[in-house]
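Visitor: Taken in order, these protein sequences are the chains called A and B.
224 is the number of the first residue of the first sequence in this note's numbering; add one for each residue after it.
128 is the number of the first residue of the second sequence in this note's numbering; add one for each residue after it.
No lab work stands behind these hints, which were simulated from the structure alone.
With a straight-line Cα cutoff of 30 angstroms, these simulated DSS-like cross-link-like pairs (lysine-lysine) come out:
#1 B:Lys-173 - A:Lys-371
#2 A:Lys-371 - A:Lys-335
#3 A:Lys-328 - A:Lys-371
#4 B:Lys-173 - A:Lys-328
Restraint-style ranges between C-beta atoms, simulated for each label pair:
#5 B:Ile-187 - A:Ala-270: 34 to 44 angstroms
#6 A:Glu-332 - B:Asp-170: 20 to 30 angstroms
#7 A:Glu-332 - B:Leu-169: 20 to 30 angstroms
#8 A:Glu-332 - B:Glu-211: 54 to 64 angstroms
#9 A:Tyr-293 - B:Glu-165: 28 to 38 angstroms
#10 A:Gln-272 - B:Glu-165: 23 to 33 angstroms
#11 B:Arg-277 - A:Arg-298: 22 to 32 angstroms
#12 A:Glu-322 - B:Trp-233: 41 to 51 angstroms
#13 A:Ser-289 - B:Arg-207: 45 to 55 angstroms
#14 B:Thr-351 - A:Tyr-293: 16 to 26 angstroms
#15 B:Ala-296 - A:Pro-316: 46 to 56 angstroms
Glycine included, each C-beta is placed from N, C-alpha and C at the ideal position.
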Amino acid sequence: MTRGWRRWISRFVGAGVVTATVCAGCGTRAEPVVVPPEIAAVVSLRASQFREIGTAFKALTDEMQSGDPYLPSMRRSALQIRDLSRDLSSWFPTGSGPETGLDTKARAEIWKRPEDFARATSLFQTRAEEFAHTVESGDLARISAHLKALGDSCAGCHDVFRVEDD
Amino acid sequence: MDIGLSGAPQRIRVWDLPTRLTHWMLVLMFVASWATAEWRLLDWHKRSGYAMLALVLFRIYWGFAGSSTARFASFLRGPRAVREHFRELAARHRARRLGHNPAGGWSATAILATLILQVVLGLFAVDVDGLESGPLARWVSFGTGRAAARVHESVFDALLVLIALHVAAVVFYLVWLRENLVRPMISGYVVPPPDTDLHMRAAPAWRAWLGALLASLVAGAVATGFRF
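Bound-form chain B, shown alone:
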């Protein structure tokens, strides 16, 4: 482990900029989508939905092409690893790990998967009067569009539960392990556990730009209902 000039353990990178930006923009767009739905600002709700679509598409891409800690392969672990993690938690033992813990990895993936489902449902949803609809609703009947709108509402409740669990876990880590998970998600840096030789393999910036471009193009095409 690197030791700084002061003798204090040095911080190392844990989350790259695209991962952090995506995370906080997802938070922002979730709040925006919630507010615009409550206030019945459907034009703005659609816009925040398209932004959400671009963000989830980018996050999936980054899960394969991003820095090591952002990759699904690095944090989606089997049930044994999750059990082991809970055992470590019970013992207040901070594992030698960089990035998501095995439970957190599944939590993040569950939120991402549910967000995808939510966005897709929104694309096909139709309002009660048949006047407002998602850009792909013309491919389904009024009844199916209404069903999509109803499930869209239920999935929103499921998202609230998942997000509440996510935030509760962050608070739990702070109280139980004295580990602040929010700060690294803002700064990108973390003080690693002692005696570790961990490092994040950073992805080149061009890959992030390429992903952002592709995600924006797809979201833009969907927003037009594939009418060019």
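In isolation and in its complexed conformation, chain A is listed as follows:
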């Protein structure tokens, strides 16, 4: 290897080390956010509760798509969604948004527009109650229509208040 090449390589390595050091500094937070344990707990709780709601929804759509839905199973899922919807507004205390740095899809809009958020959650609750009644009726056409309406109330809220991930 010639001396010229060695000089180039050492320069290249040197530049790499400097860049890496500077970049490592860029990524470091000046002051880590201290999240109260009850806030961390509620952020974790609401993620798992929404997973429960998603699971119940999937069970409902699976039944509907089967062509021969099993109503007792649909009833169980509908009641689960209704019960969870009643608690939903308590899962978003002030200070549990993206500013915590925790893993949450909640957008800051929830706390910037509390009235809109309350309206969205209330719509979901109302439709979840309606849907639970409709499932009792056993009328599949109405169940299908109300399930769609209930789903629309999820999507309507997510469009504004949840970080889009797919």
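Since the structure of chain A is already known, use the hints to place chain B on it.
Guide: Using the frame of chain A, we list chain B on its own:
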């Protein structure tokens, strides 16, 4: 080599019609799937996905039953052949070959394999609300369906990279070797390198029809979630 009446080298067949149709329909369905996903037209996204499934199934079948240039056995070569190909490329030497070059064969196969993975993930994917799902999602949990949806998104990025490489290679061949790879994929014909005795062994049309029928039947069955 055949010489035409004008004395110019004659074109010979390189890609049969099923191979070309599959290629361009895959392009069309890829764009359609992308657009329908972006616009959240999930019903249409599913339809383009089923069409994509039928196309990849047909292409795999045609890789075994199709004309010689469409067959995996004719274009999947070992690392030595790929290295040799890159050496030829560096020397701007156009090899005596008909169909995929050793690098192109692997590129096409990588795209096909990734498309299969993408379609399969879509079949099991579940949206964030648990409301929309692929036809086979009832066989997996909500969590698994969500994971499939997330990987579906990452694999789409991988597809974009593979397709970008594929297109870049086509442009490179045009600039570096003055070889237009797009025209033969449209017309089916190519002017072969001089002093060669290459020809494509064409597969009979009935085989293509049989493959199209089988691929459509399987894709149709999957679309119903195997509920008949």
